[in-house]
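Sequence order for the protein chains is A and B.
FYI, in the numbering used here the residues of the first sequence are 1 to 211.
FYI, in the numbering used here the residues of the second sequence are 1001 to 1211.
Derived from the structure by calculation, the hints contain no laboratory data.
Treat the hints with caution; some may be incorrect.
Derived pair list, reagent style DSS-like, types lysine-lysine, alpha-carbon separation capped at 27 angstroms [as the list claims (entries may be wrong)]:
1. A/Lys54 - A/Lys193
2. B/Lys1126 - A/Lys205
3. A/Lys164 - B/Lys1205
4. B/Lys1193 - A/Lys54
5. B/Lys1193 - B/Lys1054
6. A/Lys164 - B/Lys1193
7. B/Lys1193 - A/Lys193
Short derived list, chain A residues pointing at chain B, Cβ under 8 angstroms [unchecked claim]:
8. Phe33
9. Gln36
10. Gln37
C-beta atoms are modelled at their ideal positions from N, C-alpha and C, and glycine is treated no differently.
2 protein chains.
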Amino acid sequence: MQIAIVLFDRFTALDAVGPYEMLCRIPGAETVFVAQQPGPVRNDCGDLALVAGKGLEEVPTPDIVLVPGGPGQNVQMANETLLDWLRSADASSTWTTSVCTGSLLLAAAGLLKGRRATSHWLAIDKLAMFGAEATGDRVVTDGKFITAAGVASGIDMGLSLVGKVAGDEYAQTVQLATEYDPQPPYDAGSPQKAPAVLVDNLRAKRRLILE
Amino acid sequence: MQIAIVLFDRFTALDAVGPYEMLCRIPGAETVFVAQQPGPVRNDCGDLALVAGKGLEEVPTPDIVLVPGGPGQNVQMANETLLDWLRSADASSTWTTSVCTGSLLLAAAGLLKGRRATSHWLAIDKLAMFGAEATGDRVVTDGKFITAAGVASGIDMGLSLVGKVAGDEYAQTVQLATEYDPQPPYDAGSPQKAPAVLVDNLRAKRRLILE
């Protein structure tokens, strides 16, 4: 089973590595980090680079496609090479997935038309521009498309996908092996839970965060 | 504020990237991925490489030291170059931290003697060999030392450290920006919560997982 995780300049590292850490444990899984050009790809903060082992054209038919988000996604919305690859890889994939604003790339490729999907809470209203139906759920499955909300939600998506591919018991083993028993020191992880003033502050900086 | 995240062959990616995604958002933070030799460093699964931007000797006095774990930690227990660097970096650090079996490296460097600390649940009994007092907590703070349990617990540790360094309100903003509102699809993330048969299975494969 081949898993392709797409990298592009200014992606968000945890969007990719969170679900990766769950998915790479699927028995027989081969994960390939892909980018337009193979080599180091720098994240949004600029101080971390992940190595893309292969170029997009070298990985034409992955079983699972995973698209992370991050402010760099904006530029990619007009990158026809990437959008074409997403359409073509999706044509034969078993699962096509995204984390955070990665869903906007799937949407821009025309893959989420008429589908339920999610994205980062600051970007979720953009899904409708591409004919997707935005839902506030953390992980949304519609047919073979699984989209996750912001950054950390990719871990929930990844673990849930391990369950679909390798069974619930195996997924529980992965959860135990990675001690994914979250105990955040605060309870401010969604706009419904965080203090209103913090939500408003981030909304005001929305462009800064997303672009 | 300089944050040094240590990489070594066969580290666990989420141990490093989970807390990184929280810490890199501290205002004015400069994160440096360091390794004995700069360049790509491959993880435990073998299909992901993170780039170490600098060698250990180029980053002598970081404010925060973060040591991830992973099966590769075993070999590093005898790497005096790394252990010396840990001792020397700790001598001037504000916080010295670890995730998963990274705490065994801090312990091997002699830094956790007489301190309360934690590690991956499969490795936690090894802490006592180095004079540390093992506790079952997910994140353990003793003076300037903060150790986290297995893999995913590094995110809780990272967010808690953001709170100590930049204040509770800022940490909540980071939690909201990264949508760290975990909703795991199963409740098997600790040996207390997982089905006993899965715990026993992993215990039986302990060597395989840790080495």
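Cross-check of the supplied hints:
For the hint pairing A/Lys54 with A/Lys193, the CA-to-CA distance comes to about 40 angstroms; that exceeds 27 angstroms, so the pair is violated. Restraint check for B/Lys1126 and A/Lys205: not satisfied, since their Cα atoms lie roughly 46 angstroms apart, outside the 27 angstroms limit. Simply put, A/Lys164 and B/Lys1205 have alpha-carbon atoms about 24 angstroms apart, close enough for the 27 angstroms limit, and the pair holds. Distance restraint check for B/Lys1193 and A/Lys54: the Cα-Cα separation of roughly 39 angstroms exceeds the 27 angstroms cut-off, and the hinted pair is therefore not satisfied.
About 40 angstroms separates the Cα atoms of B/Lys1193 and B/Lys1054, which puts this hinted pair outside 27 angstroms; it is violated. For the hint linking A/Lys164 to B/Lys1193, the alpha-carbon distance of about 21 angstroms falls within 27 angstroms, and the restraint holds. At roughly 26 angstroms between alpha-carbon atoms, B/Lys1193 and A/Lys193 fall within 27 angstroms of each other, so this suggested pair holds. With a cut of 8 angstroms, the hint placing A/Phe33 at the interface with chain B holds, because the nearest CB-to-CB distance is about 6 angstroms.
Because the closest C-beta pair between A/Gln36 and chain B is about 18 angstroms apart, greater than 8 angstroms, the hint is violated. Given the 8 angstroms rule on beta carbons, the hint for A/Gln37 is violated: about 15 angstroms separates it from the nearest Cβ of chain B.
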